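Student: Each residue of the sequence shown is one higher than the last, beginning at 28 in this note's numbering.
Wrong hints could be hidden among the right ones.
Derived lysine-lysine pairs resembling DSS-like cross-links, with alpha carbons at most 30 Å apart [as the list claims (entries may be wrong)]:
1) K633 x K538
2) K64 x K95
3) K538 x K458
4) K98 x K64
5) K538 x K457
DEER-style ranges, computed between Cβ atoms [as the list claims (entries may be wrong)]:
6) S453 x N783: 16 to 26 Å
7) H132 x E87: 45 to 55 Å
8) Q618 x D293: 15 to 25 Å
9) R169 x E90: 46 to 56 Å
Derived from the structure by calculation, the hints contain no laboratory data.
These numbers come from a predicted model, not from an experiment.
Backbone N, C-alpha and C define an ideal beta-carbon position, used for all residues, glycine too.
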Amino acid sequence: MTAPSDIDHGWAGSRRLLRLLRDLMKAGGSSQERLDKVVDLIAQHIVAEVCSIYAMRSGEMLELFASKGLKPAAVHMTRLRVNEGLVGLIAAQARPVALADAQGHPNFAYRPETGEEVYHSLMGVPIMRSGRVLGVLVVQNRTQRNYGEEEVEALETVAMVLAELLAGDRLLERPAGSGGAESDLMPARLSGITLNRGLAIGVAVPHHRGIVISQVVAENPDAERERLDTAMGEMRDALDAMLARQEVARAGEHREVLETYRMFADDRGWRRRMHDAVRGGLTAEASVQKVQNETRARMASIKDPYLRARLADLDDLGNRLLHHLLGLEEKRREDLPEDMVLIANDLGPAELLDYDQNRLRGVVLEQGAPTSHVAIVARALQIPMIGRCEGIATQAGEGEPIIVDGETGQVLLRPSASVRAGFQDSIASKKRQQEAYRAVRDLPAVTQDNQNVTLLINAGLMIDLTHLDDAGAEGIGLYRTEVPFMIRDSFPGVETQADIYRRILEHAGDKPVVFRTLDVGGDKLLPYWRGSHEDNPAMGWRAIRIGLDRPALLRQQLRALLRAAAGRDLYVKFPMISDVAEFSAAQALLQREMDRETALGGALPKAVRVGTMLEVPALALQLQQLLPLCDFLSLGSNDMLQFLFAADRSNPRLARRYDPLSPAMLSLVRDIAAQCAAQGVPFTVCGEMAGDPLEAMALLGCGVRRLSMTPSAVGPVKTMVRGLDSAALSDAINQFLTLPDHSIREPLRSYAIERNIAI
């Protein structure tokens with residue numbers, strides 16, 4: 028069949044079809060009857076022999092819901108998984124497909140019950156709303172018809188109208204749970220990842236954007252363009268007012284990410300694509316949504332977690348712009364519950380600020396990442412947040428009780444009264460513990476037998492430094508310099524870096540800050556730096572290996588550190604050093620930068636102390652050669668453990684297989700501590716071991732006297748330190764390490780309990 032479709036006549040034909048669809052969907056009858064009429068109407072207007080609507084069901088299954096042309100028996104019988112067949116491919120990629128010979132495509136899946144073997148050409152588009160694929164709209168013809176771009180765009184427009192018209196119809200919505208209504212009311216436990224620690228109890232409040240587009244095709248493109256530009260100006264003014272609010276006005280990474288977010292609103296490419304869509308015949312709001320859908324489809328195939336996290340920022344901006352175009356008012360703050368836990372697929376950083384911080388107890392996201400902008404803002408506002416919690420958006424009903432356990436990354440839906448009471452007790456207990464820890468904040472970390480222990484904190488954001496004094500720590504034992512690199516869209520120059528490091532030093536005052544040079548690669552990717560695929564990135568091209576292979580990057584960072592620390596003490600350590608030659612090469616680059624600054628007449632730090640991270644077992648066998656060259660040594664317990672046991676710590680099957688309190692790990696630590704003490708080189712343990720009271724206790728028994736941990740761990744560890752006798756502990760550890768056990772955890776725990784040591 029080669030007759031031109033009504034849609035081929037341009038947007039006038041589209042508008043006629045869309046008006047007919049709207050009238051039809053407003054008519055009476057069951058949902059099924061209306062869908063049957065919809066496919067018939069679309070088939071007539073585009074002169075297609077087949078028009079079908081597939082709806083997304085639970086379990087990522089696409090079900091044939093209505094069809095004109097396929098066998099009636101196939102309706103509600105034919106099902107395809109996402110990425111199965113051409114329909115599944117369209118849903119998986121959220122992109123249109125137009126093929127003259129559909130059966131020749133490798134993804135073609137034959138379903139005998141449909142009778143579609145006689146149809147050769149196929150055009151299909153996703154039915155999308157708010158970034159979610161609700162289904163797929165497909166047309167087919169017997170002849171090998173070449174569908175043009177205009178036909179594809181017209182069918183996309185029809186799909187947009189279908190999505191909006193059917194958004195309130197339960198027919199195209201996934202069930203809230205896999206079971207019936209009774210099972211939906213049962214308690215449920217979901218897992219995710221912690222984006223910000225803390226406990227919260229409240230009621231679920233889904234993040235509804237409340238956007239329904241009633242008009243898609245523009246009657247007057249010039250007027251739509253003017254509406255779009257006016258709304259853009261209003262949105263920018265509103266964002267400027269938000270940035271001026273007291274809770275976000277202070278300096279820090281959260282402020283920087285909000286300013287970066289504000290810059291997205293001025294992106295020329297974004298505005299140009301929307302203007303192009305208006306010129307194509309769409310209304311201003313339909314143009315915004317079209318660009319949103321295209322952006323989501325492009326970003327869906329990107330694996331980089333940072334770049335995928337930027338999609339939430341762009342989504343937030345698009346929805347914010349739609350609110351201005353449609354004149355929608357945000358839900359009034361006084362209408363929200365006093366104890367609310369926000370539920371969303373994802374959030375932009377400014378969306379979080381739309382909610383009353385006095386009522387917001389926690390946030391749970393289907394997506395999200397530790398480096399996402401919204402996570403950084405949540406940390407600044409001290410809001411517990413869990414991300415990558417699959418199913419939360421569909422399983423959490425509005426107003427239902429919910430518990431957010433940011434300590435373990437767990438979410439409890441509809442918890443029983445006893446569970447809720449237990450968590451309330453935990454929150455009250457935590458408050459009492461915090462009060463007890465505050466009581467020892469200004470007391471020295473000294474054991475019962477007068478052994479001094481230095482307690483430091485790990486940091487990676489300016490917001491972390493606010494806890495330096497609150498925790499009662501003596502300095503920063505590990506400042507992860509890569510975090511500011513990861514929240515930017517381009518590599519920061521020397522002066523930008525120097526400004527960051529200068530603010531850190533000023534905030535720390537007279538307390539030391541140990542800067543670890545850029546540790547990227549592996550699972551920490553920069554959005555503007557594309558690396559090649561590695562089968563084992565943790566042991567691949569990362570950290571100092573990148574710095575020595577790309578010395579300009581490392582030299583720029585060292586130059587910035589030297590300038591920032593002018594007149595102060597500077598502590599620098601290099602990550603992932605595997606042999607002494609690498610450390611010497613890194614030292615040489617630092618010396619070159621010091622010589623360069625001197626030649627330029629710049630001011631140098633008062634003293635420069637250089638050390639290394641000890642994460643690779645090979646370096647532990649070279650301490651005799653290494654220690655005379657370095658000023659201090661830091662053990663990275665996380666990496667050392669996984670390399671020592673050849674166990675990927677990100678593999679859930681191996682997560683608890685090898686214990687940090689294994690005799691092998693502790694014997695290694697004891698040997699390193701002894702050699703450092705003999706050479707007079709300060710030795711610090713960073714990583715999770717240092718912040719767990721029981722594991723920190725084992726480290727002290729192995730001779731370690733410097734620990735660097737998360738700020739919240741300082742109080743518990745200091746309390747433990749002040750209650751033990753280090754000499755007796757060392758004797759006990761030496762005895763435990765002679766046992767042929769997998770771990771000394773249980774005997775050490777019993778030892779602490781018998782002596783009333785707080786662990």
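Student: Do the alpha carbons of K98 and K64 lie within 30 Å of each other, as the hint requires?
Tutor: 16 Å, holds
Student: Is K538 within 30 Å of K458, Cα to Cα?
Tutor: Given pair K538, K458 holds - Cα atoms ~28 Å apart, limit 30 Å.
Student: Please verify whether K64 and K95 have alpha carbons no more than 30 Å apart.
Tutor: 9 Å, holds
Student: Return holds or violated for the Cβ distance of S453 and N783 against the range 16 to 26 Å.
Tutor: 22 Å, holds
Student: Given the hint that K538 pairs with K457, does the C-alpha gap stay at or below 30 Å?
Tutor: Holds, at roughly 28 Å.
Student: State, for the Cβ atoms of R169 and E90, whether the hinted interval 46 to 56 Å holds or is violated.
Tutor: Given range 46 to 56 Å: violated, Cβ gap about 25 Å.
Student: Taking 45 to 55 Å as the stated bounds, is the beta-carbon spacing between H132 and E87 within them?
Tutor: 21 Å, violated
Student: When you take the CB atoms of Q618 and D293, is the distance between them in 15 to 25 Å?
Tutor: Cβ of Q618 to Cβ of D293: about 43 Å, so the range 15 to 25 Å is violated.
Student: Against the 30 Å threshold, does the CA-CA distance of K633 and K538 hold or violate the hint?
Tutor: With a Cα-Cα distance of about 14 Å, the restraint between K633 and K538 holds, given a limit of 30 Å.
Hint check: violations occur at hints 7, 8, 9; the rest are consistent with the structure.
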